[in-house]
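Engineer: Residues per chain are reported as follows:
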Amino acid sequence: MIAGMWMRSTMAYRASFVMTTFGNFAATSFDFVAIMLMFSRVRALGGYSLPEVAFLYGLSAMAFGLADLAIGSMDRLGRRVRDGTLDTLLVRPVPVLAQVAADRFALRRLGRVVQGSLVLGWSLTGVDIAWTPLKLLLMPVMVLSGFAIFSAVFVAGAAFQFVAQDASEVQNAFTYGGTTLLQYPPTVFAKELVRGVTFVLPLAFVNWLPATYVLGRPYPLDLPEWVAFTPPLVAAGCCALAGLAWRAGLRSYRSTGS
Amino acid sequence: MGAGRLYVAVAAGGFRRYATYRAATAAGVFTNTVFGLILVYTYRALWDAKPHLGGYDEAQVVTYVWLGQAFLSTLAIGGGGVEDELMDRIRTGDVAIDLYRPADLQLWWLAADLGRACFQLLGRGVVPFVFGALCFPVCLPTDAGTWLAFLVAVLLAMVVGFGIRYLVALSAFWLLDGTGVGQMMWLAGYFCSGMLLPLNVFPGALGEVVRALPWSSLLQRPADVLLGHADPVRTYLFQGAWAVVLLGLGRVMQSAATRRVVVQGG
Numbered sequence: 000m001i002a003g004m005w006m007r008s009t010m011a012y013r014a015s016f017v018m019t020t021f022g023n024f025a026a027t028s029f030d031f032v033a034i035m036l037m038f039s040r041v042r043a044l045g046g047y048s049l050p051e052v053a054f055l056y057g058l059s060a061m062a063f064g065l066a067d068l069a070i071g072s073m074d075r076l077g078r079r080v081r082d083g084t085l086d087t088l089l090v091r092p093v094p095v096l097a098q099v100a101a102d103r104f105a106l107r108r109l110g111r112v113v114q115g116s117l118v119l120g121w122s123l124t125g126v127d128i129a130w131t132p133l134k135l136l137l138m139p140v141m142v143l144s145g146f147a148i149f150s151a152v153f154v155a156g157a158a159f160q161f162v163a164q165d166a167s168e169v170q171n172a173f174t175y176g177g178t179t180l181l182q183y184p185p186t187v188f189a190k191e192l193v194r195g196v197t198f199v200l201p202l203a204f205v206n207w208l209p210a211t212y213v214l215g216r217p218y219p220l221d222l223p224e225w226v227a228f229t230p231p232l233v234a235a236g237c238c239a240l241a242g243l244a245w246r247a248g249l250r251s252y253r254s255t256g257s
Numbered sequence: 000m001g002a003g004r005l006y007v008a009v010a011a012g013g014f015r016r017y018a019t020y021r022a023a024t025a026a027g028v029f030t031n032t033v034f035g036l037i038l039v040y041t042y043r044a045l046w047d048a049k050p051h052l053g054g055y056d057e058a059q060v061v062t063y064v065w066l067g068q069a070f071l072s073t074l075a076i077g078g079g080g081v082e083d084e085l086m087d088r089i090r091t092g093d094v095a096i097d098l099y100r101p102a103d104l105q106l107w108w109l110a111a112d113l114g115r116a117c118f119q120l121l122g123r124g125v126v127p128f129v130f131g132a133l134c135f136p137v138c139l140p141t142d143a144g145t146w147l148a149f150l151v152a153v154l155l156a157m158v159v160g161f162g163i164r165y166l167v168a169l170s171a172f173w174l175l176d177g178t179g180v181g182q183m184m185w186l187a188g189y190f191c192s193g194m195l196l197p198l199n200v201f202p203g204a205l206g207e208v209v210r211a212l213p214w215s216s217l218l219q220r221p222a223d224v225l226l227g228h229a230d231p232v233r234t235y236l237f238q239g240a241w242a243v244v245l246l247g248l249g250r251v252m253q254s255a256a257t258r259r260v261v262v263q264g265g
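Heads up: the sequence lines are chains Y and B, in that order.
With numbering that gives the first Met the number 0, the residue at position 241 of the first sequence is 240, and numbering never jumps.
With numbering that gives the first Met the number 0, the residue at position 12 of the second sequence is 11, and numbering never jumps.
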């Protein structure tokens, strides 16, 4: 209902809505335009061809786009903590997390999901995959697990804002930074960085690990093959941890009293 | 003379105002550093596959990446300059108060934005740049002259950047909600300033066009002055010409817009 309210309010400025939706689509497309510009000069990046990079890109963009659509408004929490308007959410008989997620719900974010799925669809026509039922099954599992992992990052970032208040940009490093990172092959990055996003902040499970299985590529960090099937487990773990962090953050909340 | 002092005070106010957001500044530094890291690795993969692309060697392109991260918030290439506030004031009607002030609207906001940009350069720009220079092989000039020439180009870039964003803000007089136009302009800024990829890597006619647009004044041209790729005087002429055109357009739009303002009593 809150989401519906925000949708109606953005429709009040219709020209602006059309422009921002298109803008969202175009903004997210620019990442891919950069990749295409790079491939206008070279034939492979980190040993990956353009369709293969597009495959990674599409999976990352879709998982992130869904999470951004569902709870991307989380970065507004810091402002609500600062100006005390979070109090109004606390007294309503609806879970605070649901309210914060629906806060300024922006349908224009659909642009990113659409763009990601278009790139993914295009990549599937160009990439050479020996399809098996297992690989087919892994595709939706991958997107859903990725959605859950990114959502967990958003929630954890919001929980952090109870403490940091006006440091919402740190969250961008992990969310927008994370999805940008995953849009390139793991072979491009330094080993320590790949290790970090595998074992510390498990973003590699969004696409790198399952996608290398689908593409039949060697795994980063010489990991065993079965890790390609662990994203749902990792996603569940991430959500549990993010949930704990959110509760701890909410309990520590002291109103500004102004 | 008195007027000059006023605008210096406005600029100093802009500087101080942004300096109070310490946690936000630290968060910004962190984010710029993370994005810089990601870009450095992808660019290095590209330059590994094709050395000397666009006339840059690997150290030069790494320097370029960190310059981009330093300039992102300084020149508000992704938005976040004073134009957001000006647009808000136009929508709410507070801009009427600004028009009563014994100061010029455009110069007032230019001064405020320059103050903001100077703070962002020192607060948010220097740290990621130093981090990048310490962790990766970079290409920096050793003579003070080149650094000085670079700083002049940065100052001109600030004026051009403001010129573009002032036009965006004034569009709110006609559209009320300027978010859409703002987003379009920032997209253009991202693409055409060289934040996405150095403009000298853009292929063919596309490259020629983006290099002639005002946005190339923001990142590409100051970077080329620092990297010894461009002649400072020709760079200044290019940036200066765009600054004059954009600020002039701003003047025209401003006088057209202020005629529309109706002050409502209450």
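Keep in mind that the hints are not guaranteed to be accurate.
[Stated by the list, open to error] A few chain Y residues that don't get close to chain B, going by computed Cβ distances all over 12 Å: (1) G22; (2) R40; (3) T84; (4) R107; (5) A172.
[As the list claims (entries may be wrong)] Partner residues are not named here, just some residues of chain B that face chain Y (Cβ under 7 Å, in silico): (6) I37; (7) H51; (8) L52; (9) Q182.
[Unchecked claim] Straight-line distance between alpha carbons at most 20 Å, and here's what the computed SDA-like set of lysine to any residue pairs gives: (10) Y/K190 to B/V9; (11) B/K49 to Y/S48; (12) B/K49 to Y/G83; (13) B/K49 to Y/A33.
These aren't lab readings, by the way, just hints derived from the structure by calculation.
These numbers come from a predicted model, not from an experiment.
Ideal Cβ placement from N, Cα and C applies to all residues, glycine included.
Engineer: Assess, step by step, whether the Cα of B/K49 is no farther than 20 Å from the Cα of Y/S48, and give holds or violated.
Structural biologist: 15 Å, holds
Engineer: Holds or violated: is the Cβ of Y/A172 farther than 12 Å from all Cβ atoms of chain B?
Structural biologist: 4 Å, violated
Engineer: Taking the closest pair, is the beta carbon of Y/R107 still more than 12 Å from chain B?
Structural biologist: 9 Å, violated
Engineer: Does Y/G22 sit more than 12 Å from chain B, CB to CB?
Structural biologist: Check fails; 4 Å does not lie beyond 12 Å.
Engineer: Would the hint on B/L52 be counted as holding, given a Cβ-Cβ threshold of 7 Å to chain Y?
Structural biologist: OK, holds: B/L52 within 7 Å of chain Y, min 6 Å.
Engineer: Can B/H51 be said to touch chain Y, with a Cβ gap under 7 Å?
Structural biologist: 11 Å, violated
Engineer: Hint check: is the beta carbon of B/I37 less than 7 Å from a beta carbon of chain Y?
Structural biologist: The hint holds - B/I37 has a Cβ within 7 Å of chain Y, the shortest such distance being about 5 Å.
Engineer: Sort out whether Y/A33 lies within 20 Å of B/K49, counting only the CA atoms.
Structural biologist: The given pair, whose Cα atoms are some 16 Å apart, holds under the 20 Å limit.
Engineer: Given the hint that Y/K190 pairs with B/V9, test it: the Cα-Cα distance must not exceed 20 Å.
Structural biologist: 48 Å, violated
Engineer: Run the C-beta distances from Y/R40 to all of chain B and say if the shortest one exceeds 12 Å.
Structural biologist: 6 Å, violated
Engineer: Does B/Q182 hold up as a contact with chain Y if the rule is Cβ-Cβ below 7 Å?
Structural biologist: Holds, about 4 Å.
Engineer: For the pair supplied as a hint, B/K49 and Y/G83, confirm whether the alpha-carbon distance does not exceed 20 Å.
Structural biologist: 53 Å, violated
Hints 1, 2, 4, 5, 7, 10 and 12 from the list above are not met by this structure, while the remaining hints are.
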